[in-house]
Amino acid sequence: MHLVYPTVLAALLFAIGVYGVLARRNAVLVLMSIEIMLNAVNINLIAFNAWLQDTLLAGQIFGLFVIAVAAAEVGVGLAIVLLIYRTNETVDIDSLTELGDAQGAQRDAQLAQRGVDRSAAGAGAEAQVR
Amino acid sequence: MIETSLSTVLAAEEVSTPFQLAGTTWPDFAWLIPVFPFVAFFVILFFGKRMRTSGTVVGIVAIAASLVVSLGVFSQAYLHPGFVEEKKVILTPFGDGRLTLGMKVDGLAALMFVIVCLVSLLVQVYSTSYMDGDSRYTFFFAMLSLFTTGMLIVTIADNLMLMLVGWEIMGVCSYFLIGHFWEETPNSNAAIKAFLTTRVGDVGFMIGIFILFWGAQSFEFSTIIERAESGEMPRNLVVAGTVAIFFGAVGKSAQFPLHTWLPDAMAGPTPVSALIHAATMVASGIYMVARLYPVFELSGPALNLIGVLAAITMTMAALIALVQDDIKKVLAYSTVSQLAYMTAGLAVGGYTAGFFHLLTHAAFKGLLFLGAGSVIHAVHSNNMSEMGGLRRYLPRTHATYLVGCIALAGIPPLAGFWSKDEVILDAYWAAGFGHPHEDVATSPIVGKMVFASAVVTAVLTAFYVTRMYCLTWLGTYRGKGTPHESSAAMTVPLMVLTVPAAVLGFWGSPLWPDAHNIKRVVAFAGQPYHAPELLPIVAGTSVALAVLGVVVGFAIYGKGLPRRDPTLHMGLVTKTLQRKFFLDDLYLHAIVRPTRSTIAAGSYWLNQHVFDAPPNLAGKGAVLAGRAAYAVDRNVIDGTVNGSGRTASFTGRALALVQNGNVQAYATGMFVGVLALAVAFAAR
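Residue numbers (the working numbering), protein chains in the order written: chain A, 1 to 130; chain B, 131 to 814.
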């Protein structure tokens with residue numbers, strides 16, 4: 001089999017994965033998209049291993065490693081998603097922006113208007129604003 | 131009876147000897163002995179203050195571990211007299227020779243390990259109570275551990291350079307420990323005096339090391355001995371080297387004329403006096419000579435010099451001890467005098483006898499010092515004029531102290547008698563009375579001198595010991611308050627030391643089986659050996675004289691302090707003794723004052739006017755440069771710093787807007803970045 005078939009397949013799968021990660025709003029589907037990308041990589045590894053006729057089988061072994069890591073990663077990822085669902089009652093990634101600093105930036109601006117330096121005011125000032 | 135019980139103990143050790151680990155024996159682990167306390171030193175120093183027990187347990191456990199290994203090594207030495215275990219790592223070539231880090235373990239070292247570890251362990255246990263509440267408690271224990279390390283390095287060393295390292299570690303620890311109560315000037319002065327006086331001896335030691343290296347092309351004891359005996363080393367270098375290196379022992383082991391530091395060193399805490407100034411450090415000089423003894427044996431002049439100095443030292447120190455009021459000073463002068471017995475033993479060809487006396491002396495003098503510490507702890511004074519009648523108040527200390535006194539006085543069958551008798555016997559032979567077993571390089575005149583002073587000192591020793599005993603324990607109490615017995619942490623070490631002080635002597639007596647007695651264990655492999663003997667005329671004389679001293683002492687002091695202490699009312703004699711034969715005055719007027727006035731003033735002028743000129747100019751230049759630098763600093767550097775701060779603050783605000791919390795936005799950024807990189811690489 002020519003190398004072009006598996007590489008094209010891998011490229012298509014990877015593109016689908018990237019689309020899923022960047023555009024889907026459901027966290028579970030984002031995780032699945034990541035899996036698709038990893039598998040695209042696996043196909044590449046296996047294909048090149050066969051193409052180059054590597055006596056050490058580095059590609060296959062590396063592929064096995066990727067599968068193992070992917071299994072562990074999806075385990076942790078699903079656990080995180082479950083916990084997010086329990087606390088937020090949603091797995092919509094767009095609404096999960098608590099770690100962002102957009103509000104923080106707004107608060108900074110408010111504080112600056114009132115003439116308080118945020119770093120000097122410390123945690124007490126933050127609590128008051130909240 | 132006692133002997134049989136001891137041999138059962140030793141038989142028990144024999145059972146434990148088949149400790150084998152893939153063909154290794156105890157001596158293979160001898161290097162661990164100094165390592166344990168060395169590690170403990172750092173642990174106590176850095177973590178001691180945070181521990182509940184201020185680090186004392188660390189030191190005690192470490193030294194106990196060393197003691198266990200020492201006993202293992204000793205069992206090997208006891209069962210196989212004449213064994214030698216040498217191991218070394220070559221550090222660097224040094225001239226025609228090499229510098230090594232190595233160990234030489236034989237009977238001599240094994241015995242030294244045991245006595246050093248035992249006394250150190252007991253002193254540390256004792257100190258937990260004696261030093262309780264001291265402001266530098268932790269530091270004190272750290273120093274005890276480091277000091278023990280130094281002594282164990284001296285003991286294990288297979289070459290002179292390594293020995294010098296341990297030697298100097300002990301010197302500096304001694305300085306710290308003597309000056310432990312440095313808030314009072316006399317104490318810190320005593321520490322400086324001890325440090326500088328032993329340093330004078332160390333110069334000789336260094337010169338001796340280099341002369342021996344010059345002659346033998348090696349620092350290692352075995353090689354030096356071998357090359358000296360084969361005649362490869364020129365005869366004049368052997369003599370010069372041994373004389374110079376003995377000077378180091380004169381300083382460290384407090385022999386005339388450098389003995390003056392030892393009595394002053396009593397300013398340190400009493401456990402320190404027991405450890406350093408009775409049992410271990412002062413013994414290192416003797417040990418060093420014993421290590422190189424086959425070389426000394428080839429050097430008649432050196433042996434003669436040692437003999438003359440020993441004869442002077444032992445008599446002089448014993449005489450000074452007669453008029454002391456401070457109980458620790460009596461013991462200090464007694465130590466000087468007994469050390470001279472050891473060097474006398476070395477001088478007259480009886481190095482095993484000298485070393486035997488070192489062992490027994492370490493046991494009973496350590497006991498006496500710790501006992502004196504217990505007394506001082508109880509009456510809060512060093513002066514015997516404020517003691518008396520303590521027998522009733524400190525019964526346990528009294529019983530142990532009595533054993534120590536009898537051992538020191540040389541009354542059979544306690545330890546001191548046997549070892550002292552061996553030394554006197556060797557002197558007797560060296561003096562040309564009777565028929566010696568082998569030829570000794572010492573001249574018969576020196577032998578006679580040593581013999582005479584050893585006999586005289588035996589009487590004096592018995593007398594001052596009796597005086598000290600009576601003034602402290604008999605009669606009525608003359609001090610303030612009511613004395614109380616010390617805690618168990620202090621009395622138990624005393625009781626433990628009582629055992630060797632009482633029975634250790636049998637080991638070197640003709641009663642002990644010849645194959646395993648101390649002289650066989652300590653003797654150099656391949657050196658002539660003769661069994662311990664008891665010559666009735668010599669032993670009888672020394673016992674009779676000791677008894678004479680005790681009887682006279684009791685006649686005068688038996689009822690406590692007499693109204694007129696006869697030793698203090700002998701006119702010029704008393705004055706001479708109290709001024710310590712004017713040696714301190716001599717040193718003060720002949721060395722210290724001239725140095726301080728003329729040389730110091732001269733060097734001060736030179737310093738002010740010549741050496742200081744360039745630094746002063748440099749200083750003025752530096753002030754100008756400093757002003758210029760200040761201006762630059764304010765305007766240029768500070769501006770840059772503040773500017774960078776403001777820039778960082780501004781960019782931070784701007785970039786915070788990007789962190790909007792939308793993970794997919796971040797992922798898009800990453801993806802675009804990777805794509806850009808890929809394009810960049812592809813286009814290249």
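Hints are computed from structural coordinates only; laboratory data are not their basis. Heads up, some of the hints might be wrong.
[Claimed, not checked] Anything over 12 Å on all C-beta distances counts as not near chain A; from chain B, calculated:
(1) 219
(2) 227
(3) 795
[What the hints assert, rightly or not] Residues on chain A that point at chain B, a partial pick, calculated with CB under 10 Å:
(4) 16
(5) 21
(6) 24
(7) 25
(8) 28
(9) 30
(10) 46
(11) 99
[Said to hold, decoys possible] Negatives, chain B to chain A, calculated, CB over 10 Å:
(12) 183
(13) 521
(14) 731
Note that the Cβ used here is the ideal one computed from N, Cα and C, for glycine as well.
Hint check:
no.: 1; hint: 219; verdict: 43 Å, holds
no.: 2; hint: 227; verdict: 54 Å, holds
no.: 3; hint: 795; verdict: 9 Å, violated
no.: 4; hint: 16; verdict: 14 Å, violated
no.: 5; hint: 21; verdict: 6 Å, holds
no.: 6; hint: 24; verdict: 8 Å, holds
no.: 7; hint: 25; verdict: 8 Å, holds
no.: 8; hint: 28; verdict: 14 Å, violated
no.: 9; hint: 30; verdict: 8 Å, holds
no.: 10; hint: 46; verdict: 22 Å, violated
no.: 11; hint: 99; verdict: 6 Å, holds
no.: 12; hint: 183; verdict: 41 Å, holds
no.: 13; hint: 521; verdict: 72 Å, holds
no.: 14; hint: 731; verdict: 61 Å, holds
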